[in-house]
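Asker: Residues per chain are reported as follows:
There are 2 protein chains.
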Amino acid sequence: MTMDLTAIVENIGQQARKASRVLAQASTVQKNDALVTIADQLEQELEMILEANRVDLDAGTEKGLGAVILDRLRLDEKRVRAIAKSVHEVATLPDPVGEILREWSPVNGLQISKVRVPIGVIGIIYESRPNVTSDAASLCLKAGNAVILRGGSESVHSNIAIAEALGRGCKRTGLPAESVQLLSNTDRAAVTAMARLDRYIHLIIPRGGRSLIETVSAEARMPVIKHYDGICHIYVGRAANLQMAQEIVVNAKCQRPGVCNAVETLLVDEAVAPTFLPRCAEALWSQGVKLLGDALTREILGEKVAMATEEDWQTEYLDLVLSIRVVPGLHEAVEHIETYGSHHSDAIVTDEAKTAQKFLSQVDSAAVFWNASTRFNDGGEFGFGAEIGISTDRLHARGPMGLEELTTYKYLVRGEGQVRV
Amino acid sequence: MTMDLTAIVENIGQQARKASRVLAQASTVQKNDALVTIADQLEQELEMILEANRVDLDAGTEKGLGAVILDRLRLDEKRVRAIAKSVHEVATLPDPVGEILREWSPVNGLQISKVRVPIGVIGIIYESRPNVTSDAASLCLKAGNAVILRGGSESVHSNIAIAEALGRGCKRTGLPAESVQLLSNTDRAAVTAMARLDRYIHLIIPRGGRSLIETVSAEARMPVIKHYDGICHIYVGRAANLQMAQEIVVNAKCQRPGVCNAVETLLVDEAVAPTFLPRCAEALWSQGVKLLGDALTREILGEKVAMATEEDWQTEYLDLVLSIRVVPGLHEAVEHIETYGSHHSDAIVTDEAKTAQKFLSQVDSAAVFWNASTRFNDGGEFGFGAEIGISTDRLHARGPMGLEELTTYKYLVRGEGQVRV
Chain A
1 MTMDLTAIVE NIGQQARKAS RVLAQASTVQ KNDALVTIAD QLEQELEMIL EANRVDLDAG
61 TEKGLGAVIL DRLRLDEKRV RAIAKSVHEV ATLPDPVGEI LREWSPVNGL QISKVRVPIG
121 VIGIIYESRP NVTSDAASLC LKAGNAVILR GGSESVHSNI AIAEALGRGC KRTGLPAESV
181 QLLSNTDRAA VTAMARLDRY IHLIIPRGGR SLIETVSAEA RMPVIKHYDG ICHIYVGRAA
241 NLQMAQEIVV NAKCQRPGVC NAVETLLVDE AVAPTFLPRC AEALWSQGVK LLGDALTREI
301 LGEKVAMATE EDWQTEYLDL VLSIRVVPGL HEAVEHIETY GSHHSDAIVT DEAKTAQKFL
361 SQVDSAAVFW NASTRFNDGG EFGFGAEIGI STDRLHARGP MGLEELTTYK YLVRGEGQVR
421 V
Chain B
1 MTMDLTAIVE NIGQQARKAS RVLAQASTVQ KNDALVTIAD QLEQELEMIL EANRVDLDAG
61 TEKGLGAVIL DRLRLDEKRV RAIAKSVHEV ATLPDPVGEI LREWSPVNGL QISKVRVPIG
121 VIGIIYESRP NVTSDAASLC LKAGNAVILR GGSESVHSNI AIAEALGRGC KRTGLPAESV
181 QLLSNTDRAA VTAMARLDRY IHLIIPRGGR SLIETVSAEA RMPVIKHYDG ICHIYVGRAA
241 NLQMAQEIVV NAKCQRPGVC NAVETLLVDE AVAPTFLPRC AEALWSQGVK LLGDALTREI
301 LGEKVAMATE EDWQTEYLDL VLSIRVVPGL HEAVEHIETY GSHHSDAIVT DEAKTAQKFL
361 SQVDSAAVFW NASTRFNDGG EFGFGAEIGI STDRLHARGP MGLEELTTYK YLVRGEGQVR
421 V
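Protein chains in written order, with my numbering: chain A, 1 to 421; chain B, 1 to 421.
Note that these hints are calculated values from the structure, not bench results. There are no misleading hints in this set.
Copies of the same chain look alike in the list, so a pair counts if it fits in one copy or across any two.
Derived DSSO-like pairs: lysine-lysine, alpha-carbon spacing no greater than 30 angstroms straight-line:
1. K114 to K354
2. K18 to K226
3. K354 to K18
4. K114 to K18
5. K18 to K358
6. K304 to K290
7. K354 to K171
8. K114 to K226
9. K171 to K358
Take these sequences, add in the hints, and give me the full structure.
Answerer: Structural data, given as structure tokens:
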């Protein structure tokens with residue numbers, strides 16, 4: 001690592017820490033003003049942002065990036081206005097900071113309050129999509145945190161343009177411009193430099209593929225909240241309402257197959273498999289879903305279903321593909337999920353409350369559903385207003401990460417001269 | 001790393017994960033029964049434990065360990081009975097698992113419950129004192145977690161004897177013996193092997209000196225909750241009750257100087273310094289405290305006070321030494337704390353509510369005190385019943401870590417066939 005990069009990142013960190021102390025004391029009105037002004041600034045700088053985006057698109061085309069990636073990269077007037085609107089919406093969400101989580105007085109007579117406070121400085125390391133720049137920054141800001149963004153090389157010009165608009169928006173309302181900073185160096189070494197800066201950065205959230213998350217986790221000295229794959233299951237129990245089960249399975253697989261809370265494996269109780277599987281398979285096939293199955297599934301559905309391998313049970317397809325296994329009962333369903341799942345989102349469909357309770361209790365996932373689609377594991381659907389992602393970690397934030405999960409707490413202790421004896 | 005060690009640690013991890021799934025479903029009565037039985041088992045095995053301890057003491061004496069370390073290592077009947085009593089007390093604490101943290105129904109009509117659940121498998125890496133073995137294990141157990149212990153080489157025989165008693169206690173009540181496991185390999189490589197086992201270990205808590213914590217943090221792939229130094233401050237404001245201030249300072253420095261929540265730096269408002277410092281210094285000197293100070297302090301207290309260096313402000317003395325600085329007011333006190341402090345425990349003494357509020361809000365520490373000794377940042381004093389330590393991290397657990405901080409949460413979502421549109 002060159003001295004220059006280390007010094008640059010150190011300086012960004014120092015400025016961010018300074019800004020975070022101002023943000024932690026900012027009122028809700030001040031933060032909301034800043035967000036509204038940022039939205040306005042993004043609209044004002046629309047032309048500059050689109051111009052920067054064209055530079056990224058041209059470079060991407062020249063590099064031979066695929067159509068999907070180029071589409072993700074592309075901004076147009078509508079998309080920039082949507083980005084601005086999202087920032088506006090964050091201003092309307094309740095401010096989590098200052099909430100008193102608990103107040104009590106132990107035997108020593110002290111008055112203790114556990115209050116919600118910002119985390120401090122949050123680093124976001126992300127890949128291609130430029131809208132992450134403002135989405136992540138506005139959530140961090142609302143929760144009173146300074147943010148250091150480090151996007152991918154494909155969108156670097158777009159990210160710089162957006163981040164500068166964000167910084168100018170902050171400054172216009174009297175908050176530090178350094179509340180939002182972008183590290184524009186897209187070398188791998190810049191990630192390493194951020195990962196070592198535990199002196200100033202209190203949390204890093206990597207948003208992207210497995211390899212990015214693994215690199216950041218391995219190098220980071222500060223806490224990292226990971227958003228890994230969702231290998232999600234639906235177990236159709238012997239007492240399931242089969243029409244409901246079919247609707248839930250089709251929804252969880254087909255409504256948006258490319259996301260982490262889509263279902264990847266269907267587990268069917270052997271008691272209902274002969275009735276359920278043929279009709280459910282028809283519904284899935286009619287939506288273009290490719291089915292893989294174990295031997296029992298293939299006995300029922302025939303050769304059209306390819307044999308599922310050990311690898312299939314561990315695969316997040318993110319596509320119209322579903323693996324199916326027939327299981328003797330609840331116990332085997334839970335064991336399958338614990339063996340192959342990623343503790344993300346798993347569901348049971350059953351009319352038996354007792355079976356459902358066991359499933360909810362025994363399946364160790366961020367969100368466990370009874371008679372509902374796994375697709376509901378989502379900050380918006382949970383009523384959080386917005387989310388920075390769905391954490392697959394267990395500590396601090398599990399499942400949808402909204403504004404509250406971007407805060408921590410401290411203890412305020414009021415005494416009358418108490419000393420320890 | 002040899003294949004053997006990796007395989008051993010992997011196997012311990014796998015067994016712990018299996019045990020943790022049983023523990024997560026165990027009732028409060030079952031867990032309390034196990035703790036009571038463990039306490040009983042420790043008393044039953046007292047002779048074996050003392051014998052193992054003698055092996056450690058002999059080896060320590062031969063190695064030339066200092067008297068303080070040997071005393072920390074030493075067990076006698078009274079100490080083993082105290083260890084058993086502590087385990088017994090954990091049985092009387094309320095069970096945090098199963099608590100419903102929040103219940104709500106968003107617009108989609110789902111019934112969402114956020115419930116407290118165990119973390120899973122917790123690794124504790126610690127140094128000399130053998131009582132950590134049972135203290136940490138009993139807290140983890142009560143919160144429904146399996147635990148993997150890895151103690152220091154000086155106490156390895158004592159730790160093995162205690163851990164085996166714990167495992168036998170679990171087994172006697174029908175809980176898996178693998179709920180508590182000790183990794184008896186005391187090579188550095190064993191720590192590395194544990195740090196890489198994020199597949200099975202969900203959290204590592206290093207208990208020991210800075211170098212141990214740094215090694216674990218740098219190598220761990222899973223979350224680590226750190227318990228670093230406390231560089232704690234007391235600011236005596238211009239409107240302080242000077243008698244109260246003196247009592248708090250003397251208590252925070254002298255009552256137990258070797259712990260993390262003892263005060264290391266006294267900041268005195270210039271308005272009261274000429275009155276306060278001479279009498280406070282007398283009280284501290286009479287307790288054998290060595291004072292260091294800035295130029296203004298030395299103007300008031302004279303040459304008897306050595307000059308405090310830049311390094312002093314950053315030092316956790318853990319001894320009867322106190323550095324003193326005279327500051328123009330609140331702002332400079334807060335800036336000093338933010339520059340040199342460790343965000344652990346800081347206090348203000350003042351009769352002005354407005355000044356106190358500013359201090360409580362602006363000082364970014366785990367616990368901020370108004371008119372009370374910093375020594376109260378402690379799980380027992382907070383009414384948590386017991387603590388595994390005082391976290392200097394911001395995420396998941398900040399300040400005293402009791403049973404609640406050894407848990408996480410999951411979402412249970414009940415629907416009536418809802419799908420996403």
